[in-house]
Amino acid sequence: MQSMESTRSTRSLSFPDKVLHRVFTHLTSNEDRNSVSLVCKTWYNADRLSRSKVSIRNCYSVSPEILVRRFPNVRCVTLKGKPRFSDFNLVPPDWGADVHAWLVAFADKYPLLEELSLKRMVVSDESLEFLAFSFPDFKRLSLLSCDGFTTDGLEAIASYCKNLTEFDIQENGVEDTSGSWLSYFLESFTSLEVLNFANLSSEVDFDALERLVSRCKSLKVLKVNRSVSLEQLQKLLVLAPQLVELGTGSFSQEFSAHQFVDLESCFSSCKNIQSLSGLCDATARYLPAIYPACANLTFLNLSYSAMGSDELDELLMHCPCLQRLWVLDTVGDKGLEAVGSNCPLLEELRVFPSDPFDDDTIQGVTEAGFLAVSFGCPRLHYVLYFCQQMTNAAVATIVQNCPDFTHFRLCIMNPRQPDYLTNEPMDEAFGAVVKTCTKLQRLSVSGLLTDLAFEYIGKHAKNLEVLSIAFAGSSDRGMQCVMEGCPKIRKLEIRDCLFGDAALLSGLDKYESMRSLWMSSCNLTMDGCRLLAKKMPRLNVEVIQEDESDDSEADKVYVYRTVAGPRKDSPPSVFTL
Amino acid sequence: MSASGSVSTVSREDNLVVSSEDSSSPDDSELELGLGLSLGCGGFKQQATSGGHYARILTAKDFPSVVSSSSSSSSSSLSSSAYSLSKTNHVTVGTKRSSDSVAAANATSQVVGWPPIRNSRINCTVVNQAKSLANEEYNSVIEKNRRKNTVLEKITNSCNNSGNAKGRTSLFVKVNMDGIPIGRKVDLNAHSCYETLAQTLEDMFHRPTTTVNAFRSSLQEHDIRVEATRPSKLLDGTSDFVLTYEDKEGDWMLVGDVPWGMFLISVKKLRIMRTSEANGLAPRLQERSRRQKNKPVWPFSPIKLPI
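The listed protein sequences derive, respectively, from chains R and B. Under numbering that gives the first Met the number 0, residues 0 to 576 are what the first sequence spells out, in order. Under numbering that gives the first Met the number 0, residues 0 to 306 are what the second sequence spells out, in order.
The hints are simulated quantities; they were obtained by calculation from the structure and are not laboratory data. Do not rely on the hints blindly, as some may be mistaken.
[Said to hold, decoys possible] With a straight-line cut-off of 25 Å between C-alpha atoms, the simulated SDA-like cross-links for lysine to any residue are:
hint, chain 1, residue 1, chain 2, residue 2
1, R, Lys-533, R, Arg-489
2, B, Lys-267, R, Ser-249
3, R, Lys-567, R, Arg-69
4, B, Lys-173, R, Asp-354
5, R, Lys-219, R, Glu-244
6, R, Lys-509, R, Ser-443
7, B, Lys-268, B, Asp-235
8, R, Lys-490, B, Ile-116
9, B, Lys-267, R, Asp-357
10, R, Lys-216, R, Phe-298
11, B, Lys-247, R, Asp-359
12, R, Lys-490, B, Val-110
13, B, Lys-247, R, Gln-252
14, R, Lys-118, B, Ile-116
15, R, Lys-567, R, Ile-55
16, B, Lys-173, R, Thr-360
17, R, Lys-458, R, Lys-490
18, R, Lys-234, R, Arg-284
19, R, Lys-270, R, Ser-190
20, B, Lys-247, R, Phe-356
21, R, Lys-118, B, Arg-117
22, B, Lys-267, R, Arg-284
23, B, Lys-247, R, Thr-360
24, B, Lys-268, R, Phe-356
25, R, Lys-438, R, Glu-30
26, B, Lys-173, R, Asp-312
[Claimed, not checked] Among the chain B residues that face chain R by a calculated CB cut under 10 Å, a handful are:
hint, residue
27, Pro-115
28, Arg-117
29, Ser-119
30, Arg-120
31, Val-174
32, Pro-180
33, Gly-182
34, Lys-184
35, Asp-186
No residue lacks a Cβ here, since even glycine has one placed at the ideal position from N, Cα and C.
Just need the whole structure built from these sequences, with the hints factored in.
Okay, structure coming up:
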């Protein structure tokens with residue numbers, strides 16, 4: 000009797016599944032969804048059946064089988080593979096992260112797959128063909144920092160994905176065998192909204208591109224590669240004045256005054272442009288042509304264009320709404336002064352080095368440039384800054400001016416370089432950052448750093464999620480401070496520091512709540528790694544041993560949590576302990 | 000060349016000897032300081048630094064001005080051998096290092112994956128640099144043909160346009176000065192004649208404090224571009240140094256002998272060379288210094304210009 004009553008009361012409190020599903024479809028953030036799935040079994044089920052988007056930030060943390068079993072109705076998948084340091088050649092090329100097994104599982108269980116975003120995965124031409132054939136509804140493909148495919152694979156996508164709306168191929172190691180892939184889009188194909196092939200190196204079939212742009216009236220994003228000339232770009236712009244994001248090709252050509260005027264008027268009819276990139280070899284002669292299109296510009300990427308300070312100054316005067324700016328350090332401190340003066344709404348700044356391997360020359364930007372920006376741009380919250388010199392005092396002032404940093408990535412290019420004025424370590428600089436910027440999520444440190452810097456970080460960086468460390472620290476205590484301190488740490492990447500086994504093991508309690516740990520050229524031993532693997536069975540402790548030199552040392556270690564157990568596709572140089 | 004090949008065998012004693020000989024004049028005490036720093040930096044590039052060794056890039060700030068003071072010319076040749084050695088080491092002169100460890104302990108360029116820049120960006124930058132040079136060449140040639148001016152007119156015109164920022168892109172070339180291990184980069188397109196370039200270079204290497212304080216040096220550059228009044232010692236042969244450049248064929252030439260536009264096309268890098276080193280170029284140099292003692296400074300002397 001009593002039990003029946005209680006069942007009745009619980010039943011009246013629970014929603015019918017349909018309603019729950021309906022409510023959950025409005026939950027778009029996967030973080031929210033992860034939370035609701037933990038409430039109770041009913042909610043868990045409602046979430047898993049209604050989830051259409053999954054984002055797997057470490058492809059080895061889960062297997063395709065487990066994924067498709069838990070979430071049967073997925074339409075959009077994001078997959079990230081190799082550790083980030085593979086961008087800098089620290090990971091052997093055959094390490095893994097091949098997407099094919101995933102595609103096979105998806106073809107079986109997600110026939111309605113619409114969207115696939117891959118980052119640092121290995122993608123072969125066969126995989127691209129398989130993709131093109133297996134998913135008739137496929138709409139959006141994004142490949143970022145992937146490798147393993149050639150333009151042949153792109154041909155397959157172009158030929159068979161009849162509903163494609165987004166085709167975004169960025170910064171990949173693509174073997175360009177020919178530029179004819181563009182001509183494989185059918186004449187009846189008109190759905191494209193996003194096309195980005197800026198980093199491909201080969202010549203493209205311009206006629207095919209022109210026809211494609213002409214018939215795809217919904218095209219919003221177009222980023223072409225260097226082979227597209229200024230004159231050709233003009234033709235494209237005439238066909239697509241509705242573009243919101245534009246990446247130009249080569250921006251230098253011998254133009255007559257008349258042609259220049261045409262170019263200028265072409266840009267002035269592009270009233271919707273919010274993002275501009277490319278501008279390779281942009282000469283100051285032709286740069287003014289883009290001014291009319293800059294009124295609504297929020298993102299300007301000049302990092303492939305060796306611009307000087309004066310050109311930048313003039314250009315920025317025409318960009319009152321600029322929020323994000325990427326430049327090369329050829330603009331110098333003087334150019335950054337111009338940024339400070341012209342861009343009060345700036346939120347993000349990235350300064351890349353134009354000549355990073357020439358440390359014999361004083362060049363690029365200094366602390367003065369960064370300071371100038373901080374004085375003029377109080378809303379700045381994302382910075383990536385490559386420089387040759389920095390001071391503690393400058394950084395302290397910078398974060399006083401801009402206390403809202405969420406991403407602070409400072410790269411003093413010469414390893415272990417102290418404050419060049421006082422000769423002291425840069426501990427106080429990063430101390431100031433973590434003390435002042437309470438919203439800090441991502442931090443990359445550099446310069447000469449002792450354990451003190453990490454004491455500060457452990458103690459103050461309460462919201463820190465991603466930390467990158469290189470050539471720093473004075474003892475195991477440094478890493479220990481971080482492992483014991485930062486409550487929200489998710490990703491830790493360490494290279495060339497003297498942290499040893501004790502440091503590694505100090506994080507035992509943390510690793511399962513972290514996505515991954517990377518340590519290379521530190522002082523780890525195989526024994527230490529084995530101990531970690533033994534104590535934490537739900538972690539994969541992978542050691543990459545590329546040369547046969549010293550078997551007892553663990554030169555490259557990658558630790559990550561997983562529900563899929565040790566992976567079965569490791570190459571010979573990778574050992575899962 | 001004063002740099003010897005035996006980088007790796009420089010010992011502590013050698014350096015100390017140089018230091019003590021230089022301790023006579025106030026200028027040279029700075030030399031000593033510079034060397035002292037070098038000596039303390041043995042562990043700079045090694046991984047397991049205890050944290051007690053603080054090393055830093057020896058910037059031009061550390062070295063006394065060697066351009067105009069005649070008193071330091073003798074000691075500077077001594078110091079230059081140490082500096083040239085440290086130049087090869089990039090920053091520091093290690094004590095009793097084997098050549099292997101010197102090579103291994105090198106700075107940025109030798110470390111895998113550092114600075115952390117993606118390959119696609121590195122490839123693009125290299126292409127950019129090559130292309131910007133090629134561009135300038137193309138544009139200058141076109142300009143020359145179109146205008147059909149005499150060489151002189153062209154020089155005069157370009158000098159008058161000195162304040163004009165439009166119509167140019169950056170053309171950075173490396174500049175090294177004998178005796179100073181750290182080089183600089185100068186944007187040749189920020190100048191329209193040799194005078195302003197020479198003045199900028201003098202300031203860059205002559206007044207070390209401004210080389211590291213970008214605010215001040217950028218202001219200097221701006222002022223210089225507007226008024227090219229002060230004659231440059233580098234060009235008129237009164238300095239211990241001359242300005243030379245390496246052209247595309249790899250030959251080292253005196254700066255100032257060809258029209259500016261032609262110079263821009265052919266220059267690959269600059270070197271502020273000791274007058275005593277400029278032996279291969281000597282005849283021209285002596286001729287120029289004889290002539291220029293009585294004449295206004297180039298480019299205002301029409302007789303010199305080749306057609």
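Report task. For the pair supplied as a hint, B/Lys-247 and R/Phe-356, confirm whether the alpha-carbon distance does not exceed 25 Å. Result -> 22 Å, holds
Query raised in the report: Holds or violated: R/Lys-509 with R/Ser-443, Cα cutoff 25 Å?
Result: Holds. R/Lys-509 to R/Ser-443 sits at ~20 Å (cutoff 25 Å).
Query raised in the report: Holds or violated: are the alpha carbons of B/Lys-247 and R/Thr-360 at most 25 Å from each other?
Result: 20 Å, holds
Query raised in the report: When you check the alpha-carbon spacing of B/Lys-267 and R/Asp-357, does it fall within 25 Å?
Result: Holds - the C-alpha atoms of R/Asp-357 and B/Lys-267 are around 15 Å apart, at most 25 Å.
Query raised in the report: Is it true that the CA of R/Lys-118 sits at most 25 Å from the CA of B/Ile-116?
Result: Satisfied, since the Cα-Cα distance of roughly 17 Å is no more than 25 Å.
Query - R/Lys-216 paired with R/Phe-298 [C-alpha distance capped at 25 Å] - result: The given pair, whose Cα atoms are some 23 Å apart, holds under the 25 Å limit.
Query raised in the report: Is the shortest C-beta separation between B/Pro-180 and chain R less than 10 Å?
Result: B/Pro-180 check passes; min Cβ-Cβ to chain R is 7 Å, inside 10 Å.
Report task. Mind checking the alpha carbons of R/Lys-458 and R/Lys-490 for me, to see if they're no more than 25 Å apart? Result -> Holds, at roughly 17 Å.
Report task. For the pair we were handed, R/Lys-118 and B/Arg-117, check the Cα-Cα distance against 25 Å. Result -> 14 Å, holds
Query - Hint consistency between R/Lys-533 and R/Arg-489 [alpha-carbon to alpha-carbon, up to 25 Å] - result: 21 Å, holds
Report task. Assess, step by step, whether the Cα of R/Lys-567 is no farther than 25 Å from the Cα of R/Arg-69, and give holds or violated. Result -> Distance of about 21 Å is within 25 Å: holds.
**Report entry** Agreement of hint B/Ser-119 with chain R interface, Cβ distance less than 10 Å
**Finding:** Because about 5 Å separates B/Ser-119 from the closest Cβ in chain R, which is inside the 10 Å limit, the hint holds.
Against the hints set out earlier in the document, no violation occurs for any number.
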